[in-house]
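S.K.: Given next are the chains, with one letter for each unit.
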Amino acid sequence: MSTTAPMLLEDTKLEPKAGGFYRHQNFLTGLIVGILSGFVGWVVSLALLQGSNFGSDMVVTVTLTCWVIGFNAGMGTFNAIFRWILGHDQTHEDELYAAGVGQGWKRYWKYCTDHKVVGTQYLVLVMVLFGVGGTLAMMIRTQLLSPNSRFMSPETYNAIVSIHGMIMIIATIIMVSGPFANFIMPIMIGAKDMAFPRLNAMSFWVVVSAVPPILGSFFLGGVPAGWTTYAPLSVQAPPAMDAFAITICTFVVSVTVAGINTLVTVLTMRAKGMTMGRLPIFVWASIIAGGLGLYAMPAFLMAQSALITDRVVGTGFYVAEQGGTGWLYENTFWIMGHPEVYVILIPPVGALIEIASTFARKPVFGYKVMVAGISGIATLSIMVWAHHMFTTGWAPTLADPFMLTTELISIPTGIIFLCMVGTIWRGSIWTRLPMYFLYLFIFNFIIGGITGIYLSDVPADQYFHGNMFVTAHFHYTLLGGGLVGAMGAVCYWFPKVTSRMLNERIGKTAFWVVAIGIQITYMAQFYEGFQGMARRVANYNALFVDANRVSSVGAYILMAGMLIFMYAIIHSWRHGKKASANPWHAKSLEWMTLTPVPLENFLVDPVVTGPPYGYGEPDSKPVAPELPVPVSASSGGSH
Amino acid sequence: MSYEEKRDEIAEEVKPIVAHTMPFHKKAAAKIVYITIVFTIIGVLLALFLPTHMFPFSMSPEMHDAVLTFVVFTIAAAPVAALVYAIGAYSLIAWRKKGANNNEEPPEDGAPLHGSGLITSLWIGTSVVLVLFLLVWGMAELSAETAQQSNAIQVNVTGQQWMWTFSYPGTGVTTHNLILPEGRQIEFNVTSMDVTHGFWPVEMGVQIDANPNVIDHIAATTNRLGSFDVRCSQICGLYHAYMQTKGTVVTKAQFATWLASQGASSSSIQSYALSGK
Amino acid sequence: MSVTDQQMHDSQDDHGHHGHYEEGGNHHDTAQEKHRKEHMATWLFIFGDVVFFLLELFFWFYLRANNTAGMWRATNCTPANGKLGPTDEGLNTCTDGLFNPITHAIPKANPVYTIIVFALIATAAAFVWFAEVQSRKGATKKTTHPLTALALFFVLAAIAAQFYQFQVLPFTTIQGTYASTFEFYMGSNVAHFLLALVIVTGLWSRSRLGKFDNGKWYQLHLSRLFLVWVAASCVILGLVTIFFA
Chain A
1 MSTTAPMLLE
11 DTKLEPKAGG
21 FYRHQNFLTG
31 LIVGILSGFV
41 GWVVSLALLQ
51 GSNFGSDMVV
61 TVTLTCWVIG
71 FNAGMGTFNA
81 IFRWILGHDQ
91 THEDELYAAG
101 VGQGWKRYWK
111 YCTDHKVVGT
121 QYLVLVMVLF
131 GVGGTLAMMI
141 RTQLLSPNSR
151 FMSPETYNAI
161 VSIHGMIMII
171 ATIIMVSGPF
181 ANFIMPIMIG
191 AKDMAFPRLN
201 AMSFWVVVSA
211 VPPILGSFFL
221 GGVPAGWTTY
231 APLSVQAPPA
241 MDAFAITICT
251 FVVSVTVAGI
261 NTLVTVLTMR
271 AKGMTMGRLP
281 IFVWASIIAG
291 GLGLYAMPAF
301 LMAQSALITD
311 RVVGTGFYVA
321 EQGGTGWLYE
331 NTFWIMGHPE
341 VYVILIPPVG
351 ALIEIASTFA
361 RKPVFGYKVM
371 VAGISGIATL
381 SIMVWAHHMF
391 TTGWAPTLAD
401 PFMLTTELIS
411 IPTGIIFLCM
421 VGTIWRGSIW
431 TRLPMYFLYL
441 FIFNFIIGGI
451 TGIYLSDVPA
461 DQYFHGNMFV
471 TAHFHYTLLG
481 GGLVGAMGAV
491 CYWFPKVTSR
501 MLNERIGKTA
511 FWVVAIGIQI
521 TYMAQFYEGF
531 QGMARRVANY
541 NALFVDANRV
551 SSVGAYILMA
561 GMLIFMYAII
571 HSWRHGKKAS
581 ANPWHAKSLE
591 WMTLTPVPLE
601 NFLVDPVVTG
611 PPYGYGEPDS
621 KPVAPELPVP
631 VSASSGGSH
Chain B
1 MSYEEKRDEI
11 AEEVKPIVAH
21 TMPFHKKAAA
31 KIVYITIVFT
41 IIGVLLALFL
51 PTHMFPFSMS
61 PEMHDAVLTF
71 VVFTIAAAPV
81 AALVYAIGAY
91 SLIAWRKKGA
101 NNNEEPPEDG
111 APLHGSGLIT
121 SLWIGTSVVL
131 VLFLLVWGMA
141 ELSAETAQQS
151 NAIQVNVTGQ
161 QWMWTFSYPG
171 TGVTTHNLIL
181 PEGRQIEFNV
191 TSMDVTHGFW
201 PVEMGVQIDA
211 NPNVIDHIAA
221 TTNRLGSFDV
231 RCSQICGLYH
241 AYMQTKGTVV
251 TKAQFATWLA
261 SQGASSSSIQ
271 SYALSGK
Chain C
1 MSVTDQQMHD
11 SQDDHGHHGH
21 YEEGGNHHDT
31 AQEKHRKEHM
41 ATWLFIFGDV
51 VFFLLELFFW
61 FYLRANNTAG
71 MWRATNCTPA
81 NGKLGPTDEG
91 LNTCTDGLFN
101 PITHAIPKAN
111 PVYTIIVFAL
121 IATAAAFVWF
131 AEVQSRKGAT
141 KKTTHPLTAL
151 ALFFVLAAIA
161 AQFYQFQVLP
171 FTTIQGTYAS
181 TFEFYMGSNV
191 AHFLLALVIV
201 TGLWSRSRLG
211 KFDNGKWYQL
221 HLSRLFLVWV
231 AASCVILGLV
241 TIFFA
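Read top to bottom, the protein sequences are chains A, B and C. With the working numbering applied, the first sequence has no gaps in its numbers, which climb one by one up to 639 at the end. With the working numbering applied, the second sequence has no gaps in its numbers, which climb one by one up to 277 at the end. With the working numbering applied, the third sequence has no gaps in its numbers, which climb one by one up to 245 at the end.
Hints were generated in silico from the structure; no laboratory data involved. Hints may contain errors.
What the hints assert, rightly or not - The calculated lysine-lysine pairs, modelled on DSS-like cross-linking and capped at a C-alpha distance of 27 Å, are:
#1 K621(A) <-> K98(B)
#2 K15(B) <-> K98(B)
#3 K98(B) <-> K577(A)
#4 K137(C) <-> K34(C)
#5 K97(B) <-> K31(B)
#6 K15(B) <-> K26(B)
#7 K98(B) <-> K508(A)
#8 K246(B) <-> K508(A)
#9 K97(B) <-> K27(B)
#10 K621(A) <-> K27(B)
#11 K34(C) <-> K272(A)
#12 K508(A) <-> K621(A)
#13 K368(A) <-> K26(B)
#14 K26(B) <-> K621(A)
#15 K272(A) <-> K37(C)
Said to hold, decoys possible - Not everything, but these chain A residues come out facing chain C in the computed CB check (under 7 Å):
#16 V33
#17 A80
#18 W84
Being a predicted model, the structure only gives us computed values, none of them experimental. All residues carry an ideal CB built from backbone N, CA and C; glycine is no exception.
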C-alpha cells in the first residue's frame, strides 16, 4: 500500500441542500405520506363504496394499497421514475448522496443505494420480524400448555397461527439473501455494488411497507385460514384477509426485483478473472435461489390477486357455486409454495458450505457436484407441488407421478450432505462459533429431510397430512436447518458487516440453548403427530397434553436461546472487540478487503486467478494475488 | 546422491500425488464404518420398537400400512443418517484441532481434497436405489389400497362448519357419530356444505378433504372392533379444533340392529348391506 | 472539460472508461455495460411476467374444463327454480355471486372490442419499434419524437378501449367463471397498459430532449421488448377469450 491513505469516497463532502427535496426524504416522510395516503384512500373509498356489495373489503384494499404506494412515494422509491421521465438523469453528486455519503447514521433511515447499507437494514429487519413471529409463536405454545386453555379465544388463536406462519415465511425468505446476498455477495465477486442499486433499496423498503398491513390484520377480524389461506374459507374471511393479500402482493414485488438484481449482478459484474467456475458456492446459491424466487413469486401473486378479486369484486375463481374450485387456489398456491421453501433453504446452505470450508481448512468437496445438486433441487422443486395435495381429492391419478418427483428430490439433497461431510472429512476442524451451526444443521436437517420422505409416501401421508407431524417436519427443516444456517451466516460475516467480533462465549451459550430447545420442542411435536393431533387447533384432547407441555417447555427454552443470541448480536455490535479484515483467515474475496468495507468495496480492482478454496496446498495463491491484503492489527498477515 | 537420499526425495515428491489420488484414509474410514453400524443398529431398534407404541391403535389395514411404511422407511433411512452422523461425530473426535494463539488463529490446513468421483458415484447410486425402493413400495401400497372390493359399502360424509354428518344411502339413516360394521370395505363419499374440511377418521389411517360442490372418495377396511376418532384436518375457521366426533366399529349384527333402531326398514338394510360396486 | 455536469454524467454517454476505478470514484458503467445489465433485467422481468401469464391461461382452461356446478357460462343450468345453497346430486341449480338465480346462459363478450384493444396496443408497440429502428440509424428527435408521441397516443387509446369494453360487457364478474376470468384478463391488460404508459411517457419526454439522438437506441430497445411482450400477451389472451369462450 502507498504511504498516503487513498481517498475514500465516504470522506467526500456533499451539500445536502443541493439536490432538492428528495434529499430530505427518509423513513419519517415515508410514514407520514403513507399514513396520509391511507387515510385519504380510506375516506374516499368509504364515501364511494360503502353501500356496495363488497364494500368493507374494497375499503380495506384501497386503504392499504394507498398506504403501500404512499409510504414508498414518501421514501423516494418512485423518484427515479419521475426523474427518468423528465430527463433529469442522476449526476455524480446525486449518486454519491444516494449512496449515503456524508450522512452518517441517518443513511440507514433513508433510501440508500449502497448495498452494504441495504444489507445492514435487512439484517435489522429480519431480527425484528423474527422477534414478532417468535412472540406469536410463544403465544401459541402458551395457549397449548393445557388442553382447554382459555388464554386466547379460538378466533384470536387462528389469527395468531396464520400471521405467525406468514411473518416467518417472509422472514425466512429474506434472512440470508437480504443481509448477505446484498452485503457480502457483491464483495465476494469483486463488484462495487449490485447491478441496480436503486432497485436494491426499493426491494428493502417495499418489504418494510408490506409489514404493517399483515400486522393490521389482527384489528380487522383476524385471518382464520392459516398462512396458506385456502379458499373458500379465505374468500369468506373477514377484511383481515384483504390486509394479508395486500402484504403478499407487495412482498412479491420485492422478492422478484431482488431476484433479478442478484442474477444480473452475478452474471455481469464479476471481477476480471472471476469465471463462473471460480464463484464461491454462496454466490451460486444466491443466484439459484434468486432465479427460483423469480419463478415462484408470480404464482403467489396470481393466487392472491384472484383471491382479492373474489373478495372485492365478486369473481368466482374459488367459489364452487360460481363455477370455481378451491383446488385451483391450492394448485396455484403450491406451485409457489414448494419452490419457495427451497428459496428459503438454498442461501443458508450456501453460507454453511462457505463456513464448512473455512473452518475445516479444506476446499469444498465436489464443487461442481454441489452446484449441480443445488440446481437439481431448484429444478425438481418446480415439479413436486401436488405432494401438498395428496389428500385433497384432486387428481388421484397424479398421486404416483408427484410421489416420484418428490422422492427424487432426496437425491440432490443427499448431494448437499455429501459435500458437507466431504468438506469436513479429513479436515482440520477449527471449532469457532460459526462451525457449531454447521453441525447443528447436519443433525437437524437429517431429521427434517427424512421425515419429509414419510410424507412423500401417499398412503403414509393419509395419516400424517394436517397433523402435527407435518408441523414438526417443516420446523425441523426451515428452523432447524434454514434458520440455523442463517445464524451461522450471521456469526460468520458479523466481523465484516459490523467491524466487530461477535462475543463467542455468549454466542456459544445461545447456540446450546437453541440446539436443545429445538430438539425438545419439535420431537414432542412429532410425538403429537404420531398420536393423531391435528394442526392449527386452539384446544385439543387430553390425550395430547403431555407432548404439548413438553413442546411448550422446549419452546420457552428455544425462545431463551434466541434472546441470548439477539443479545449477543446487539451487545457485540456496540461493544465487541474490533475485528481485523480477515479474522477467520478465509480465502474468498470479501475477506481480502478492509474492515469496515470502503464505499466501493475495494480500493483497487481485484483480478482473480483461482477459486477461493486454496486450503492445504502449499503453493496456492490468494484468490486475487495482486490485491494488497489489508494488514490487520491482531494477526500477522493473510495466512 | 546416495540411494537413500534419492528414495527419500522421490517419496517426498510422491506424497502430495498420493494424497490427491487416494482420499481414502483407511483408519478413519474403518472407525467411521464402525460408528455407522452402531448408529444404524440403534436406528433400526428404535424403528422396530417405538412407532408401534406411538401410533394409535390400528383399526384398518390402511392404518397398519401407514405404520409399516414408517417402520420400513426408517430402517431404510437409518444407515444414511447413521453414516452422516458418524462422519460428523468422528470429525469432532479425531480431526478437531485447536488453533494457534489460544484458538484465535486457525490450525494448520486440512487435506486438499477437491472431490472423489468414486465416492460421489457411490453416494448418488445408493440414493437412486433407495429412492426406487421407496417409490416401488409406495406405488404398490397405494394401488393395493385403492383397489375396489366388491362388497364395499357406501357412507356419505358431509362436513360443515363445524360438525360432521354421516348418512347411509338408501337406508335413510343420518347420524353424527360414525357407526361402521366390522370386516367390510367402507367407501366414504365426502363433501362439504361450505368451506374445505379434512375428513380424518384417525385410527383408520386415511383422510380426504371435504370440498364444497364436489364429492370425493376414500376407502378403508374395518378389521377391528372398537372406537376411533374423527377429526378435521384442514383448518376451516373458528371452531376447527372442535370439529371432531367419535366413531365406532361394531359387529355386522350390531350394525344391522342399530340401523333398524334409527328407523331403517329391514329391506333397505338388506340391500344396503349387500350393495357394493 | 467544458461539458456540463449533466452531459458528462448522462447515462447514455460513453466515457471511454472500461470499468476500472479512478481516484475520487468517478467510475461509471460504459453505455454498453449499462445496456447489458438492463437488457438482462428486462428479459428476467418478462420471464416472471410469463409465469404469471401462463397461470392466467391455466386458470381459464382449468375452470372451463371443470365447469363446477355448470357455471362456466351457465349453459347447463336449469331455469330459475329458486333453490339456493349447495348442489344436491342430480339437480343443476345456478346462482350468481349474490345468490340471484341464473336463468340463461352467460353471453359471450363481443370479440370486436377484444380485437380493437389488442390492435391498439400492438400499434403502440409497433411505433416504439419503429422509433428504435430509426434511432439505430442515427435519427434525431425530429423523427423519434413524433413516433413516440404516436405510441403514447395508442397506449392511451388502448387503455380507453379496454375501459370501454368493460362498460359494454354483457355480463358481470359475479356471473360465473367465464365472466370472472374474462374480467381478470381485462384487469391484467390494464395493469400492463399502465406500466406501458409510464414507459412510453418517458420515451416521449426523453425523445423531445434528444436523449435518443445519434444512435442512442438502448432505452428504446428495452422499452420495445417490454411493449412487444405486453402486446403479445394481450393478443394471446384475447384470442383465447374469442376461441375458447
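S.K.: For each hint, tell me whether it holds in the structure or not.
M.R.: The hints, checked one at a time:
1. K621(A) <-> K98(B): Holds: K621(A) and K98(B) sit about 25 Å apart, inside 27 Å.
2. K15(B) <-> K98(B): Cα-Cα ~25 Å, so holds.
3. K98(B) <-> K577(A): Between K98(B) and K577(A) the Cα gap is close to 21 Å, so the pair holds against 27 Å.
4. K137(C) <-> K34(C): Cα-Cα ~21 Å, so holds.
5. K97(B) <-> K31(B): Since the Cα atoms of K97(B) and K31(B) sit roughly 19 Å apart, the hinted pair holds (cutoff 27 Å).
6. K15(B) <-> K26(B): holds (16 Å)
7. K98(B) <-> K508(A): This hinted pair holds, its Cα atoms lying about 16 Å apart.
8. K246(B) <-> K508(A): Measuring from Cα to Cα gives roughly 49 Å; hence the hint is violated.
9. K97(B) <-> K27(B): holds (18 Å)
10. K621(A) <-> K27(B): violated (32 Å)
11. K34(C) <-> K272(A): Roughly 17 Å between the alpha carbons, so the hint for K34(C) and K272(A) holds.
12. K508(A) <-> K621(A): violated (33 Å)
13. K368(A) <-> K26(B): Since the Cα atoms of K368(A) and K26(B) sit roughly 26 Å apart, the hinted pair holds (cutoff 27 Å).
14. K26(B) <-> K621(A): violated (30 Å)
15. K272(A) <-> K37(C): holds (17 Å)
16. V33: This hint is violated: V33(A) lies away from chain C, its Cβ roughly 19 Å from the closest one there, beyond 7 Å.
17. A80: Violated, because the Cβ-Cβ distance from A80(A) to chain C comes to roughly 11 Å (cut-off 7 Å).
18. W84: Where the cut-off is 7 Å and the nearest Cβ of chain C is about 5 Å from W84(A), the hint holds.
Checked against the numbered hints above, the structure violates hints 8, 10, 12, 14, 16 and 17; every other hint is satisfied.
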